[in-house]
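With UniProt numbering, letter number 38 in the sequence shown gets 38, and the count goes up by one each step, no holes.
If you are wondering where the hints come from, they were derived from the structure by calculation, not from laboratory data. Just to be clear, a hint being listed does not mean it is correct.
Said to hold, decoys possible - No more than 30 Å apart at the CA atoms, straight line, and that leaves these computed lysine-lysine pairs for DSBU-like:
#, residue 1, residue 2
1, Lys86, Lys121
2, Lys127, Lys86
3, Lys18, Lys86
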Amino acid sequence: MRATLKPAILYSDDTPPKADQLLGLFHQAPWAQDRTAEETEEMLRHTDLAVCAWDRERLVGFGRVLTDFVYRATIWDVIVDQAYQKQGIGSEIVRRILNHPRLQRVELFWLCTRRPGFYEKLGFSSKEQTGMVWARNTQARRE
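Assemble the whole structure, with the sequences as input and the hints as a guide.
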């Protein structure tokens, strides 16, 4: 019987992905299928920190942060390629965000999710607060 070796996944926060690489992941998720290259490039320009997971040259995971670097940070767009899910990549991306040297002063990390159980395993807890949203268009309201 042959042993199958898992590829070595490398994580980085210093090399943002190209928009087309990230769109390859986004288009796998129902919440991001309508994103465009132009909008994704703009989003990346205004992201404070991004953690990427790479299998050689292939982007297989991503998560990003918007923050003031002191009081609050919001985690967005944590996504893992469908072919690489259930290998701990998403968890590692979140851990790397929470432990990142530039974010050590941040008091609270916030996020919105459809998978609360995933984040609870990483130490997040639900808060009984009213989350509010204002949407410019009906598509954004559905997300």
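Comparing the hints with the structure gives:
1. Lys86 with Lys121: Cα-Cα ~14 Å, so holds.
2. Lys127 with Lys86: holds (27 Å)
3. Lys18 with Lys86: holds (24 Å)
Comparing the model with each earlier hint shows no violations; every hint is respected.
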